[in-house]
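With chain D's structure known, arrange chain P on it following the hints.
Taken in sequence, the protein lines are chains D and P. The first sequence begins at 1 in the UniProt record's numbering and counts up one residue at a time. The second sequence begins at 1 in the UniProt record's numbering and counts up one residue at a time.
For the record, the hints were derived by calculation from the structure and aren't laboratory data. A hint or two may mislead.
Copies of the same chain are indistinguishable here, so a pair counts whether it falls within one copy or spans any two.
[As the list claims (entries may be wrong)] Dumping the calculated SDA-like pairs for lysine to any residue here, alpha-carbon to alpha-carbon at most 25 Å: (1) Lys92 x Pro79; (2) Lys196 x Arg2; (3) Lys195 x Ala145; (4) Lys196 x Met51; (5) Lys92 x Gly60; (6) Lys46 x Ser162; (7) Lys153 x Val58; (8) Lys32 x Asp203; (9) Lys205 x Cys76; (10) Lys46 x Arg157.
Number of protein chains: 2
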Amino acid sequence: MRLKLYVDRMSQPSRAVLIFCKVNGIDFEEIKVDLVKREHLNPEFKEINPMRQVPAIVDGRFKLFESHAILRYLACAFPGVADHWYPSDLFKRSKIESVLDWHHSNLRRGAATYVLNTTLAPALGLQLNPQAAAEGEKLLFASLAKIESIWLKGNGRFLLGSSQPSVADLSLVCEIMQLEVLEEKDRDRILNPYKKVQQWMEDTKRATRPHFEETHGILFKVKAKLQKQQLLGANNATNSSIKTSLQSKM
Amino acid sequence: MRLKLYVDRMSQPSRAVLIFCKVNGIDFEEIKVDLVKREHLNPEFKEINPMRQVPAIVDGRFKLFESHAILRYLACAFPGVADHWYPSDLFKRSKIESVLDWHHSNLRRGAATYVLNTTLAPALGLQLNPQAAAEGEKLLFASLAKIESIWLKGNGRFLLGSSQPSVADLSLVCEIMQLEVLEEKDRDRILNPYKKVQQWMEDTKRATRPHFEETHGILFKVKAKLQKQQLLGANNATNSSIKTSLQSKM
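For reference, chain D alone in the conformation it holds in the complex (with noise of 0.2 Å):
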């Protein structure tokens, strides 16, 4: 039975995995969840994923969830996938696992506070807080200065030194990555202080491509309808009309 993947490539996490994925040659089905529609709420994505999130799996009889526990067991459990990615040497591996750990509370919780507090959450229904994006800004700069001067120290290309990427450069980049939903300043004045942190970006999408730029598409597509509404003034646009504007490329 082929692998299942249920994602919302808006979901950085989603993307992640549907890279990894596409990367090894592992194959699957992609099974959209919609969270504008809100069809991670529904009875039968619960039966998935009790927890109502993307992304998750079905692999034959097995269910799961949570990205970072997925790309561990994909790279166990199918035997294409090269060694570099989820190393079985003991110390390396423990190395990947503390960036995969760290990434929650940090360089995740900034990001995607900052982003959804700055742009997205009109299109989910919610309100914009300048105060959470305050906080996630904060703990977004304090990240990225962590990954320039702390993962990305010494002479290889990817985090901890190394020559070939693993699943936390996919997970962390992926990550960034939904910074280009941001107005093009912004996004600059964010990630321009961080040279080493925009190189490594750009050797992990040449690592990966062609299947990490078409995997973001839908970012870039997203990006040029709020460019085109706030062109038009859309500082007026009602919540429901930006909704309806990502919901029409999502």
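Structure of chain P alone, referenced to chain D:
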């Protein structure tokens, strides 16, 4: 060379790592990094963990931080650890990974935010933040409800219906244990609705005794001190006096 654990017993992930080593007969040296005295910011500790957080370990020449990564490493590196803590079976292990990953943005964030912003902030030189406390409380309740209805579903005494504890049981129960420093009434208000959670906490304590109680001794001392201060009308106590009293117990 003996395994070194850099910990502060007031930190719940530190307690999980300590108990894991004690229960599994792993020989270690405990090196206290006093968070109230800001020892985690010392240059010497930065060499151990550049993120300046506890716990961290040094095993020979190998350094590692992030408690879940440490627990995984210890379970694999020390041959005496029973398989149920971190099963070699891919399907069982993956389900445990799912709990561990979920923990960061749910139970951990909810419990730590609530306890910090209702009780512990002054001891760390921070302001109590009622709005953050309210958000933490909401996430804490939602997380306990998920543990009760999803992770503790079935007949097993431990998470995922298991008959023996895993690293996930230890990590999550240590997180909830920090509620001990709250006022009795408040702790009861939070935990009373969740009967399965209470039973599971008791079962985890029993499975790891006497190390569980011994390692958590610090919490009961701090609680007694906080209660005493309250009885003495400590509502007017300055931050520095609470800090001093906590320091004397840590």
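Structure-based check of all given hints:
no., hint, in the structure
1, Lys92 x Pro79, "both (19 Å within a copy, 19 Å between copies)"
2, Lys196 x Arg2, "neither (39 Å within a copy, 36 Å between copies)"
3, Lys195 x Ala145, "within (10 Å within a copy, 43 Å between copies)"
4, Lys196 x Met51, "between (36 Å within a copy, 18 Å between copies)"
5, Lys92 x Gly60, "between (30 Å within a copy, 15 Å between copies)"
6, Lys46 x Ser162, "between (39 Å within a copy, 22 Å between copies)"
7, Lys153 x Val58, "between (37 Å within a copy, 20 Å between copies)"
8, Lys32 x Asp203, "neither (28 Å within a copy, 40 Å between copies)"
9, Lys205 x Cys76, "within (23 Å within a copy, 33 Å between copies)"
10, Lys46 x Arg157, "between (40 Å within a copy, 24 Å between copies)"
Comparing the model with each earlier hint shows violations of hints 2, 8; every other hint is respected.
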